[in-house]
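Trainee: Here is what each chain is made of, one letter per residue.
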Amino acid sequence: MNSAEFLLWVRGPGLNIALVIFTIGMLIRLLEIFMLGRKQNLAELRANGVSAGLRTIFTRSTPADKNSMRRSMFTFVAGYGFHIGLFVVIFLLTPHIQLIQSLLGFGWPALPTPVVDLFTVIALISLMALLWRRLTHPVVRYLSTPQDYLVWAATFLPLLTGYMSYHHLWFPYSWLLGVHILSVEFLLILFPFTKLTHAFTLFISRWYTGMMAGEKGVAS
Amino acid sequence: MSKATLDRGVQILKEHIDAPTAAYFSSCVNCGMCADACLFYTETGDPAYTPINKLEPMRRLWEQEYTLVGRIKKLVGLSKPVTDEELGEWSDLVYHACSMCGRCSMVCPVGNDISYMIRNIREGISAAGYAPEGLVGATTRAVEIGSPMGITMHALNTQARNIKESSGLEIPFDREGVDYLVLLSSMEVINFPEYLEAIARIFKQAGKSWTISSEAFEATNSGIQIGASDIARELVSRVVEAAEKLKVETVVSPECGHAYTAIRWDGPNLMGRRFSFKVKHIIEVLDELREQRLLKVEGIEDSCMTFHDPCQLVRKGGVIEQPRNLLKMVATNFVEMDDSGVMNWCCGAGGGVSAIEEAEEIRLKAFNRKKSQLDKLQVDTLVTACANCRIQLEEGLEVNEMDIPVVGLTEMLADHLVEDK
Numbered sequence: 163m164n165s166a167e168f169l170l171w172v173r174g175p176g177l178n179i180a181l182v183i184f185t186i187g188m189l190i191r192l193l194e195i196f197m198l199g200r201k202q203n204l205a206e207l208r209a210n211g212v213s214a215g216l217r218t219i220f221t222r223s224t225p226a227d228k229n230s231m232r233r234s235m236f237t238f239v240a241g242y243g244f245h246i247g248l249f250v251v252i253f254l255l256t257p258h259i260q261l262i263q264s265l266l267g268f269g270w271p272a273l274p275t276p277v278v279d280l281f282t283v284i285a286l287i288s289l290m291a292l293l294w295r296r297l298t299h300p301v302v303r304y305l306s307t308p309q310d311y312l313v314w315a316a317t318f319l320p321l322l323t324g325y326m327s328y329h330h331l332w333f334p335y336s337w338l339l340g341v342h343i344l345s346v347e348f349l350l351i352l353f354p355f356t357k358l359t360h361a362f363t364l365f366i367s368r369w370y371t372g373m374m375a376g377e378k379g380v381a382s
Numbered sequence: 027m028s029k030a031t032l033d034r035g036v037q038i039l040k041e042h043i044d045a046p047t048a049a050y051f052s053s054c055v056n057c058g059m060c061a062d063a064c065l066f067y068t069e070t071g072d073p074a075y076t077p078i079n080k081l082e083p084m085r086r087l088w089e090q091e092y093t094l095v096g097r098i099k100k101l102v103g104l105s106k107p108v109t110d111e112e113l114g115e116w117s118d119l120v121y122h123a124c125s126m127c128g129r130c131s132m133v134c135p136v137g138n139d140i141s142y143m144i145r146n147i148r149e150g151i152s153a154a155g156y157a158p159e160g161l162v163g164a165t166t167r168a169v170e171i172g173s174p175m176g177i178t179m180h181a182l183n184t185q186a187r188n189i190k191e192s193s194g195l196e197i198p199f200d201r202e203g204v205d206y207l208v209l210l211s212s213m214e215v216i217n218f219p220e221y222l223e224a225i226a227r228i229f230k231q232a233g234k235s236w237t238i239s240s241e242a243f244e245a246t247n248s249g250i251q252i253g254a255s256d257i258a259r260e261l262v263s264r265v266v267e268a269a270e271k272l273k274v275e276t277v278v279s280p281e282c283g284h285a286y287t288a289i290r291w292d293g294p295n296l297m298g299r300r301f302s303f304k305v306k307h308i309i310e311v312l313d314e315l316r317e318q319r320l321l322k323v324e325g326i327e328d329s330c331m332t333f334h335d336p337c338q339l340v341r342k343g344g345v346i347e348q349p350r351n352l353l354k355m356v357a358t359n360f361v362e363m364d365d366s367g368v369m370n371w372c373c374g375a376g377g378g379v380s381a382i383e384e385a386e387e388i389r390l391k392a393f394n395r396k397k398s399q400l401d402k403l404q405v406d407t408l409v410t411a412c413a414n415c416r417i418q419l420e421e422g423l424e425v426n427e428m429d430i431p432v433v434g435l436t437e438m439l440a441d442h443l444v445e446d447k
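Protein sequence lines correspond, in order, to chains A and B.
Throughout the first sequence, residue numbering follows the working numbering, covering 163 to 382 in sequence.
Throughout the second sequence, residue numbering follows the working numbering, covering 27 to 447 in sequence.
Check the hints yourself; a few may be wrong.
Mimicking SDA-like on lysine to any residue, the simulated pairs with C-alpha atoms at most 20 Å apart in a straight line are [unchecked claim]:
1) LYS271/B to ALA232/B
2) LYS99/B to LEU312/A
3) LYS273/B to GLU206/A
4) LYS106/B to THR307/A
5) LYS100/B to GLU82/B
6) LYS271/B to LYS397/B
7) LYS228/A to ASP365/B
8) LYS397/B to PHE253/A
9) LYS201/A to GLU41/B
10) LYS397/B to ASN426/B
11) LYS228/A to GLU445/B
12) LYS99/B to VAL313/A
13) LYS29/B to GLY155/B
14) LYS306/B to ALA232/B
15) LYS391/B to ILE417/B
16) LYS228/A to VAL361/B
17) LYS201/A to TRP369/A
18) LYS230/B to GLU445/B
19) LYS306/B to ASN210/A
No lab work stands behind these hints: they were computed from the structure.
Looking at chain A on its own, in the form it has when it is part of the complex (with noise of 0.2 Å):
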């Protein structure tokens, strides 16, 4: 297989095959959460917890307080640094936009590859550091599982490859390419079935967690 048919093959039905996999595979994991259900709440509520269920959807993706804002000060800041970076390079590169404009017909406007570029740098080098604290603190390295370090590597490798892509560092740019591409299909395969399915799944436990709270009359 030469540089030309693979990226041919990863632009193609290897890409077909990731989506229809993390698709149906999301659905899943969604119906499995469901279909567990819920029991009524009998008590006599302050309020309906509508309205707290969705302003903590948006309140958790920010500190409780100052002081558990200190205390958690490298997670808030490494997390933020990932984070960001990550959904900037993932929705507002150029060929992102476009291929996602190929595949349901509508884009948006990108930010200049440079600045992309600059937040691609800055999920590295957090992740990096969330690895090394993984490794080295305590807590985060007693809870650490097998897993969590997959699905850290396979996180880190679309940002790497396609990082090298764009400054066409060391290896062919096809090549880089074909394999920035099929290290997102991996991503994308291992989805459904790890816990990177908590960027789907956080906004269902924030709403749970803040209904109940807001029914007792508690701003969670």
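Since chain A is already given, all that's left is putting chain B on it; use the hints.
Mentor: For chain B alone, kept in the frame of chain A given last:
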């Protein structure tokens, strides 16, 4: 409770895995931020006490039973089943080193309500027979005698007689159609008899009718703490039956955190029906009386005071501003702790921890969090509204040779009541 076995424990655990639980386990990325919010971790530095780790057996069970990949892994023998030994080991983590204070649930960035799940994993661990002896004893006494500390009606009658003799105040028993059915916690009956007298004086001044039921005076609910819904239901039903029999308008939970949760929030769900009466914490009732200008006080405390928020009132009950409104009626020099209100730190003994003898060491270590909060403030008096917190605070202060009196808010207000002419 039926016979405790691993099978039963696993069965009960499975029954308690609902959609929120599945969403929570799907969302956790092992970031470890819940550890920073947990006093059992911060005061010991032991990573095993990280809140989400306390749920590991339940998480695996969820994965194995309710996810596609988990089921496949189980089928081909790649998953680690939950064992008897493991549940025994986890008993220490979920009972000794967790007060279900819910602080972790406030900081989790993906929004997991961890303490909600702790409440549920306790159901499974107790069904498997690994609940701590101290809690089992308290629960047995609650079912058989009617109080986790073994207090009987005799003790309460004696107290009522003493109050009558010393103050002339009548403690009404089993009156129908009154405004309030007052519940007590055993802790109060034994350690803080002032509470009952305070209530009698306040309601007399406010012109409210009230009563105590001789069939159900105990508000605490060991079934909630140990995690045995059948027992919790039995204990709640005694109160519900008494309230309905006496046709009261409102049931008043005493200065006790989890008792309030038990009857106010869990009660109707345990009984499977809505209540025909209201349930309020005494602090809510007092704040209503304040609003209606029925609480007349005189004199001002000028010593420096702070308020320890019982977790079950702020994070689990939404009673946040009321104690502050009340305190400010009688205190000019009121200061807040560094983390106060919904982010207050637990005293270290809630959720049944105080009933577990083996947990004494960790409970007093956990108190160091409160100590450092108090060290920063240098107050003269510590006010709270939970008898269980109060005992732990008094003990912790004593052990650390800190000379700060701990006062119950209801009694403090009663001390400032305008005397009837």
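Trainee: Output the indices of the hints that this structure fails to meet, ascending.
Mentor: Violated: hints 1, 6, 8 and 11.
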